Amino acid sequence: MPDFGNVQIPVGPQHPALKEPESFLITLRGEKITAASVRMGYNHRGVEKGAEGRTYTQDIYLVERICGICSHSHGTAFIQAVEEIAGLDVPRRAKYIRMLVGELERVHSHLLWLGVAGHEIGFDTLLMYSWRDREVVMDLLAAVSGNRVHYSMNTVGGVRRDVDSALAETILKGVDRLEEQTKYYIQVCSEETTVIKRLSGVGVVTHEDALRLLVVGPTARASGVARDIRKDDPYLAYDELDFKIVTSDHCDVYGRTLVRLGELMESYSMIRQIVKNMPDGPITVKAPRKIPAGEALSRYEAPRGEDVHYVKANGTEKPERVKVRAPTLANLQAVSHMLRDNNLADMPIVIAAIDPCFSCTDRAVEIDRADSGPRDRMDWGRLRAHGIDFYRSRGVDFTELNRSLTRRMKKL
Amino acid sequence: MGTALIQILVFPGLLFLAVAGLAGEFIDRRLYARFQNRMGPPWFQPLADFIKLLSKEELVPDGADRGLFRLMPVFALTAVVTAFFYIPLWGTSALHAFSGDAIVVLYLLTIPTFTYFLGGYTSKSVYALLGSARTLTQLYAYEVPLFLAVLGPCLLAGTWSLSELTLFFQARPWALAANAAGFVIALIALLGKLEKVPFDIPEAETEIVGGAFTEYSGRFLAWFRLSFDIEMITGASLLAAVFLPFGLGLGFAAGFGLYLVKILFLIALIALIRSLVARLRIDQMIGFCWKVLAPVAFLQVIVNLVLKGIFFS
Amino acid sequence: MTPEEKFRDDLSGRFPELADKIVLQRARRIWVDVPAGRFREVFDFCVESLGVTILLILTGLDEAESGTFGVLYHMARPDGVVVNLRVHLPKDKPVLRSVTDRFPSAEAYERELVDLLGIVVTGLPEGPRYPLPDGWPEGQYPLRKDWKPADAAPAPEEGKSHA
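Protein chains in written order, with this note's numbering: chain A, 5 to 416; chain B, 38 to 350; chain C, 2 to 164.
Be aware that one or more of the hints could be misleading.
[Unchecked claim] Listed next, the in silico DSSO-like pairs over lysine-lysine satisfying Cα-Cα at most 30 Å (straight line):
(1) K36(A) to K93(B)
(2) K322(A) to K146(C)
(3) K7(C) to K248(A)
(4) K233(B) to K23(A)
(5) K201(A) to K187(A)
(6) K345(B) to K23(A)
(7) K328(B) to K23(A)
No wet-lab data here; the hints were simulated from the structure. Please read these numbers as outputs of a predicted model, since none were measured by experiment.
Input sequences plus hints: build the corresponding full structure.
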């Protein structure tokens, strides 16, 4: 018979439970997890080093690309620090538009999480429903910013696009629809027995452990830690909005689900307040190309928790140093603690419950993009030429294929 | 001899079962998709999947028992097809029948589960190993309630032959009402046998990738998938024969139509259940089977024994 | 008195030599330059007596002009006040003591200092490196100002095929 006493199973870097590469090594006794270790860094792209070599305007777009889901969070956290160093007084209307996109992004992120959570516990119907409704908020974001992801709304000193009254109407209508659907999901999650059974008592982080391990965002709030940067260290115009911090005392994955669903409802109310109270005025102020020497630390409550950006300027048009702490990095280190003494079956949902974003977490070193190894390096042009030759030698000519497809399209 | 060969290979044998299995998979997937607000696959999707798998390279992992690894899918397929021959479909008699065939069918339906276990066990992969262990653990959970659920009607009819069982209920359709609890239990146990949500624990992809089938590819995976599809038809036919044996004297055309309706109804029920619930954990599944299903099944047996004493002795 | 001023008075009351090293940048932002020798004392005092119980992140800086590494401990109080403690380390002997005994989550942040700047952190628990890959060449510290991406990968020889 096989030794079922102690089995080590690798979860990742490639695994169906993970949407991005990360490696967990899980030791099992039967179905129980006795130990878990994390190896991070698979998505290290060198954003911090890259930011030092680019201008502030270029960096806005680079920083947004740290993460696809919370791109506005990273962009805004970065730009806030830059504006603080430059001493820019951002117009109130711009602040409101930033908040609007920020809250829509939170709605998008939480709905996406709900679907992923459903999938991880084998409840695909929830995945299909919540991702269908996620389309509504993605359409709204596209209407506001022109993009479904990577909204690119920010510029130094304000925002790039305005929100007119017709658009405001559309947003309010979309939010009404989403609120109705979210109420239904709250009902499903509080009534469906199998869902409650799979989520309760799983991945427990007690209140004391949450404080000790410094988890952030919904993960902390589900352990009764009422921390929310929007309240504690208000940025933009969050001190003008009426909202409450959603917490839960469940301390488990079920609590994290309830907190996120509750935050969805709060976000809908905040979006309505933002649209209703949107002040008139310009959406941007003129910003200098060169930012004076100085440093600033900016905090932002991203959907997954607190996002921290530190920027140091040296008087040129490029930053001296940019430091990013994505919320997942704070939470990921607590995952091995959460996994211990759980069942293997709970592993996917425990990992998913912090809403991990490994691309966010791994940022810093720039390695030549076309690098296939330390001794074998191609630049972008040579890699492209190599690719074309590779397929041509096997009888596939993409240039010719493209031409013939274009011809056929024209005929239609 | 010629007729027997046609019966085994064409109708109602392998070819019919393969077509029915693929059609069943399509209906299951389509309904599941519609319940989830999706379009779902076109009608030929299961067939296309099957053909595509056949054309793919099959890999046998290093260190695996090559013979066993390749043989298991064939075993699974043979067992589910054989079981089908002993189940009465649209008439009151099966293709082959003898006085203990109910027990044989139940045991033949256990064989595929063992082939999944052995196939996974010989794959030499941790995911497959865990999947195999779960397959076997799950078998011990749902098998007893399933056997007890089928035992109830058999006791009432006083026979171990499925054909005689259907004859008994054909004469006394009102007696079917006594087996309602058994029907629900058997349906739930069938979900476990077919490894479908909420009991798809042995192949939970987010936990152990593909479970026992992680290392299977190409032809062998195609046979395994086909055997699952046919197992669904065989299982549904068994349930239809034991718990829904009415309208069996209608002749071939009408009887066959009614049989298809029954099978469709059962597949729709399966699709509905799996779109409504989340996957259970193995410990929760065992707890549910032994603490809820098994006692209710026992109760069903006792009730049937009492009824038998009162009405049919 | 604002909370920031109270913090300044409390800290300089305990460490008089820090009195002119504390900068109140704006509401809820305090920057303190701490001499490397007394860092742990100041750090412990802030955590134990001044309620600075949240470690946000560590930032490592290559201060090329002064020939030092700067390490910033960005910390916060639950009421939103952020305290940034800064220490300078000589480049020829950049050694730092780990704070993982107090904040387990500092492990990843300290490993970043090790991998990306080449700062030696004593007292770190055993574990895999982060964030660079296992095959990363020795002595290459990407966040140092004199490091170029080409350093990590020598240019290929001309005429070699890549197939």
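So, against the hints stated earlier in the document, which numbers end up violated here?
1, 6 and 7
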